[in-house]
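> Here's the letter readout for the chains.
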Amino acid sequence: MQMDRTTLLATIREVVTPYAKNQEALQQLNEDTDFIKDLKINSANLVDVILDVEEKFNIIIDNESMEKMINVKAAIDIVESKLAGS
Amino acid sequence: MTIDNILAKLPYAKPFLFVDALHAIDEEKVSGSFTFHPEMEVYKGHFKHHPVTPGVLLTEVMAQIGLVCLGIYLTNGEQLSFALTSADVEFLKPVYPGETVTVTGYKQYFRFGKLKCKVVMVNEKMEEVCTGTLAGMIISGK
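Line by line, the protein sequences give chains A and B. Going from the first sequence to my numbering is simple: count from 1 and add 300. Going from the second sequence to my numbering is simple: count from 1 and add 32.
Some clues are possibly wrong.
Within a straight-line C-alpha distance of at most 30 Å, the following computed DSS-like cross-link-like pairs (lysine-lysine) qualify [as the list claims (entries may be wrong)]: (1) B:LYS150 <-> A:LYS321; (2) B:LYS139 <-> A:LYS321; (3) A:LYS373 <-> A:LYS340; (4) B:LYS139 <-> B:LYS76; (5) A:LYS356 <-> B:LYS139; (6) A:LYS356 <-> B:LYS150; (7) B:LYS61 <-> B:LYS150.
Some chain A residues close to chain B (C-beta under 8 Å, calculated; not the full set) [unchecked claim]: (8) ALA344; (9) VAL347; (10) ILE350; (11) LEU351; (12) ASN363; (13) MET366.
If you are wondering where the hints come from, they were derived from the structure by calculation, not from laboratory data. Values in this document were obtained by computation on a predicted structure and should not be read as measured data. Glycine included, every Cβ here is placed at the ideal spot set by N, Cα and C.
With the rest of the complex left out, here is chain A (with noise of 0.2 Å):
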C-alpha cells in the first residue's frame, strides 16, 4: 500500500479528531504538531488514538514504536515504514 506523507497526515487527522480536546491545534494540525502537548489528549486515550492508527492501516505497532509516537511526524514515520515493510 502507497501513501504519500499528504494522505497519511490527513488520516491522522481523522483519527485523533475524536479524541483531540484542543480544536484550534486541531485545525492547524501539522507534522510538528505534538499529540499531548498540542492537541491535549490525555495519554489513556493517546491508547486508543495508536489502536485505530493500527486499524485504519492494518499493522501493529510494539511498545518500542508506541513510545516514540509523540507527534504527528513520528506517527507518519512509524506507518511509513511499517507499511513499506509489510
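Add chain B to chain A, keeping to what the hints say.
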C-alpha cells in the same frame, strides 16, 4: 494465579472494598459479586429516608471486579497500581440496601498498559442494573 491470590492482592480495604467473591476469571473475562450491606453509612444520606445505592458506588463495584481483578490476573499480580481512566456507564435499575449484584467484565483490549473492558452488572433476578465501558492504566513508578 488463583482467585484467592487475586483477592489477596486487591489494594482495597473496608469501607472501600467492593468485591466479596470472584466466581470465574480467565484471559478474556471475569465475574464476581458484592452485597451492599444495609448498614452502610452512605444509605443514611442517599437519600434522606429513602436509601438507594449511589451510582458512583455501582461504578466502583464494576471497576473493582470488572477491571482491577482482571488487571491483577493479566499482569500476574505484579502490578498493583491501577488508575481508573474512564467510565461510561448507563444505570438501568435501582439497587437497594441488602441486594447482591453480580458483575461480569469482558476484556476489549489490554495494550500498552491500558485495560479496557465492557462491564455488565445484574441483580439477583438477573436483571441488568447497569452496563458500561471502563478503562484503567497501570501506573509505573518511573
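> For every hint, state whether the structure bears it out.
How the hints compare with the structure:
1. B:LYS150 <-> A:LYS321: Status holds; Cα separation ~24 Å.
2. B:LYS139 <-> A:LYS321: 27 Å, holds
3. A:LYS373 <-> A:LYS340: 17 Å, holds
4. B:LYS139 <-> B:LYS76: 36 Å, violated
5. A:LYS356 <-> B:LYS139: 21 Å, holds
6. A:LYS356 <-> B:LYS150: Since the Cα atoms of LYS356 of chain A and LYS150 of chain B sit roughly 22 Å apart, the hinted pair holds (cutoff 30 Å).
7. B:LYS61 <-> B:LYS150: 9 Å, holds
8. ALA344: Hint on ALA344 of chain A: holds, closest Cβ of chain B at ~4 Å, below 8 Å.
9. VAL347: 4 Å, holds
10. ILE350: Holds, about 7 Å.
11. LEU351: 6 Å, holds
12. ASN363: Since chain B brings a Cβ to about 7 Å from ASN363 of chain A, closer than 8 Å, the hint holds.
13. MET366: 5 Å, holds
Checked against the numbered hints above, the structure violates only hint 4.
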